[in-house]
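> Read off the chains here:
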Amino acid sequence: MPTSDTFYSQFRRAGISRRTFLHFCGVSAATLGLAPTMAGRIAHALETKPRTPVIWLHGLECTCCSESFIRSAHPLASDVVLSMISLDYDDLIMASAGHQAEAILDDIRTRYRGQYILAVEGNAPLGQDGMSCFIAGRPFHAQLKEMAADCAAVIAWGSCASWGCVQAARPNPTQATPIDEIVRDKPVIKVPGCPPIAEVMTGVLTYMLTFERLPELDRQGRPKMFYGQRIHDKCYRRPHFDAGQYVERFDDEGARKGYCLYKVGCKGPTTYNACSTVRWNDGVSFPIQSGHGCIGCSEKGFWDKGGFYQHVTDTHVFGVEANADRVGLAAVGGVGAAIGAHAAYSSYRRGKQSVDAQTTTSSPTAKHPHETTGN
Amino acid sequence: MQTSLPTTRQTAVYVYQAPLRAWHWISALSITVLAITGWLIANPPPTLSGEASDHFQMGYIRFFHFAAAYVFAVGFLFRLYWAFVGNRYARQLFTLPFWRPSFWAELLHEVRWYAFLEPEPRKYVGHNPLAHLFMVVIITVGGLVMIFTGFALYSEQTGLGSWQDQLFGWVIPLVGQSQDVRMWHHWGMWVIVVFVMLHVYTAVREDVMSRQSLISTMISGWRMFKDDRP
Ligand code: HEM
Ligand code: HEM
Ligand code: SF4
Ligand code: SF4
Numbered sequence: 000m001p002t003s004d005t006f007y008s009q010f011r012r013a014g015i016s017r018r019t020f021l022h023f024c025g026v027s028a029a030t031l032g033l034a035p036t037m038a039g040r041i042a043h044a045l046e047t048k049p050r051t052p053v054i055w056l057h058g059l060e061c062t063c064c065s066e067s068f069i070r071s072a073h074p075l076a077s078d079v080v081l082s083m084i085s086l087d088y089d090d091l092i093m094a095s096a097g098h099q100a101e102a103i104l105d106d107i108r109t110r111y112r113g114q115y116i117l118a119v120e121g122n123a124p125l126g127q128d129g130m131s132c133f134i135a136g137r138p139f140h141a142q143l144k145e146m147a148a149d150c151a152a153v154i155a156w157g158s159c160a161s162w163g164c165v166q167a168a169r170p171n172p173t174q175a176t177p178i179d180e181i182v183r184d185k186p187v188i189k190v191p192g193c194p195p196i197a198e199v200m201t202g203v204l205t206y207m208l209t210f211e212r213l214p215e216l217d218r219q220g221r222p223k224m225f226y227g228q229r230i231h232d233k234c235y236r237r238p239h240f241d242a243g244q245y246v247e248r249f250d251d252e253g254a255r256k257g258y259c260l261y262k263v264g265c266k267g268p269t270t271y272n273a274c275s276t277v278r279w280n281d282g283v284s285f286p287i288q289s290g291h292g293c294i295g296c297s298e299k300g301f302w303d304k305g306g307f308y309q310h311v312t313d314t315h316v317f318g319v320e321a322n323a324d325r326v327g328l329a330a331v332g333g334v335g336a337a338i339g340a341h342a343a344y345s346s347y348r349r350g351k352q353s354v355d356a357q358t359t360t361s362s363p364t365a366k367h368p369h370e371t372t373g374n
Numbered sequence: 000m001q002t003s004l005p006t007t008r009q010t011a012v013y014v015y016q017a018p019l020r021a022w023h024w025i026s027a028l029s030i031t032v033l034a035i036t037g038w039l040i041a042n043p044p045p046t047l048s049g050e051a052s053d054h055f056q057m058g059y060i061r062f063f064h065f066a067a068a069y070v071f072a073v074g075f076l077f078r079l080y081w082a083f084v085g086n087r088y089a090r091q092l093f094t095l096p097f098w099r100p101s102f103w104a105e106l107l108h109e110v111r112w113y114a115f116l117e118p119e120p121r122k123y124v125g126h127n128p129l130a131h132l133f134m135v136v137i138i139t140v141g142g143l144v145m146i147f148t149g150f151a152l153y154s155e156q157t158g159l160g161s162w163q164d165q166l167f168g169w170v171i172p173l174v175g176q177s178q179d180v181r182m183w184h185h186w187g188m189w190v191i192v193v194f195v196m197l198h199v200y201t202a203v204r205e206d207v208m209s210r211q212s213l214i215s216t217m218i219s220g221w222r223m224f225k226d227d228r229p
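Protein chains in written order, with numbering that gives the first Met the number 0: chain R, 0 to 374; chain Y, 0 to 229.
Hints were generated in silico from the structure; no laboratory data involved.
A quick note: this is a predicted structure, and the numbers were derived from the prediction, not measured.
Heads up, a few of these hints could be off.
So these bits of chain Y aren't anywhere near chain R, every CB distance computed over 12 Å [stated by the list, open to error]:
id, residue
1, P18
2, I25
3, L28
4, L39
5, A66
6, G74
7, V84
8, F93
9, L95
10, F97
11, R99
12, W103
13, H126
14, A130
15, I146
16, I218
Quick list of in silico lysine-lysine cross-link-like pairs, DSBU-like style, CA-CA up to 35 Å [claimed, not checked]:
id, chain 1, residue 1, chain 2, residue 2
17, Y, K122, Y, K225
18, R, K351, Y, K122
19, R, K223, R, K256
20, R, K185, R, K223
21, R, K185, R, K48
22, Y, K225, R, K351
All C-beta atoms in this analysis are idealised placements derived from N, C-alpha and C, irrespective of residue type, glycine included.
Pulled out of the complex, with its shape left as it was, chain R reads as follows (with noise of 0.2 Å):
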């Protein structure tokens, strides 16, 4: 249960070395991007602040955000991390269930009103009044409304809180609604991705807990220090891009020599996350180092932007789906045609015209003085 002693002697009580401990600060340090004298100043806070409580909320979601956290690179930082976390309540991975479980809840919103903050794990559908997600015999968003009345700060980890995700997928069926549409009063900190890097989760979290502020956001309310530049920008296949060197096909030559994969659909052009420079497991790889294309998967709807192998990529509007090029260079070829049929129309009127003012030039019908006037 929390209280109001330090996170650092959780730690101790949980076991964690001092050695773990100073280890784990200048690991935070280096994901933060920060300089890395300020592992002291986070070892610092984390020995002197006491601790904020945080709260794991799981609405409509697939669990992935969870996976990728408990698999971060340095299980020291997911170890400490989750021992920060799994103190409070994560219906996911906690020990206690039921009546039990939600007491929980219940006793740190009035205890640490305005403090806690409130991680979020997927959405809530509000269609059918809520009935696709049920959570302690009431639905999801007004658990959500509750726990966000009286939390410090929101957390959407991944595309699903974040943006709405597969589950709101066009046709929404039911209604599936990011937090930042639910939860208006309260900073919402997206993290989005499919899921979002473990690096990137604990980063955020260690930020917050230790500095006890928000990290600086963009105008989505992504965190700039991981999602503010696209894949694109650092994507070691980027060379090949500016040379003109693609992938033309997935078994091709360029394919085996690591060309660049714009061509085949790589929306790392368009899409925000630390994949190329964080990287996933360990820093083993991403999706581009092993030979597929960034489909956008922390980008906001990105189920329904049309084709994960097209650079084109299909607009819908209105209900209508249509390509770009398809209709462009199909209606070059009708105006040409067009232009065309026209222009020789045009020119047989004329010739016609030019006969019947000849030939009828004192006739009252001559109505075009122009054409033996003008030019």
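Position chain Y with the ligands relative to chain R; hints supplied.
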């Protein structure tokens, strides 16, 4: 603004001042470069072999796109300025007298002329209403859309906090996400390409078939009328 000629006997009027004419041809050139390089950005030429360090093909394509984009954007700003200081015909590109019934009547007449339903077109010192409508919708509104979406895409590489980001970065969440901005920018190209095809065709056709000069007007500034009737 008067769009139809009063019943005076005129054979030539000075319509398009030199800066406007220069703007027209510079924009035409920059849009041509933008459309070609834009197409190549979306549909790059076949893969080059050899070392990456031997080539900079996409790099140059994008460089020319951005260079032409700055020319177009600065030109657009200049053209806006010229609408204030230039003659009345310089204002047409930014004003559409849609509240005037005569505009719609003349527009209908012009459409009928193209549909071979009228024996001859009317004379206009400035743009004819149909051309006027298309220029405002496609070049003024369309050009702005291209500039806003284009600079929003450009801000993605100049980075958060750059002036491009501060001025145009908001376009991305407004439209949805980066891929949507790219695709609308891409659609915009096709709209402009189709406009240019029609524009060049009608300019040539009207030069030959209407009662006034067109292409030479955009070169010398003088509108010649081929007859004296109203
Ligand atoms: C009439 C004007 C323009 C046309 C026809 C045009 C056309 C295009 C096209 C077809 C693309 C490819 C989109 C895709 O990937 O599918 C493109 C990309 C782009 N355009 Fe334009 N564009 C125009 C004006 C501008 C302007 C004013 C800017 C402002 C700087 C701009 C900046 C860009 C950028 C940054 C890209 C993405 C290139 C990359 O990151 O690789 N464009 N443009
Ligand atoms: C990318 C290509 C082009 C674009 C975007 C373009 C755009 C425009 C615009 C916006 C205007 C209105 C000028 C104003 O009010 O300030 C205009 C006028 C004009 N343009 Fe173009 N133009 C293009 C190419 C051409 C070409 C190739 C020709 C010649 C064949 C041409 C002939 C004319 C003429 C004759 C006018 C004056 C029309 C009139 O008197 O009503 N344009 N053009
Ligand atoms: S593989 Fe994708 S992210 Fe990498 S350079 Fe090519 S387009 Fe950009
Ligand atoms: S490379 Fe793209 S699709 Fe893959 S995990 Fe990263 S953001 Fe998602």
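> All hints are to be evaluated individually against the structure, with a verdict given for each.
Hints versus structure:
no.: 1; hint: P18; verdict: holds, 29 Å
no.: 2; hint: I25; verdict: holds, 24 Å
no.: 3; hint: L28; verdict: holds, 20 Å
no.: 4; hint: L39; verdict: violated, 10 Å
no.: 5; hint: A66; verdict: holds, 16 Å
no.: 6; hint: G74; verdict: holds, 24 Å
no.: 7; hint: V84; verdict: holds, 35 Å
no.: 8; hint: F93; verdict: holds, 26 Å
no.: 9; hint: L95; verdict: holds, 23 Å
no.: 10; hint: F97; verdict: holds, 24 Å
no.: 11; hint: R99; verdict: holds, 27 Å
no.: 12; hint: W103; verdict: holds, 23 Å
no.: 13; hint: H126; verdict: holds, 19 Å
no.: 14; hint: A130; verdict: holds, 15 Å
no.: 15; hint: I146; verdict: holds, 19 Å
no.: 16; hint: I218; verdict: holds, 17 Å
no.: 17; hint: Y:K122 with Y:K225; verdict: holds, 10 Å
no.: 18; hint: R:K351 with Y:K122; verdict: holds, 22 Å
no.: 19; hint: R:K223 with R:K256; verdict: holds, 33 Å
no.: 20; hint: R:K185 with R:K223; verdict: holds, 19 Å
no.: 21; hint: R:K185 with R:K48; verdict: holds, 23 Å
no.: 22; hint: Y:K225 with R:K351; verdict: holds, 20 Å
Checked against the numbered hints given earlier, the structure breaks only hint 4 and satisfies all the rest.
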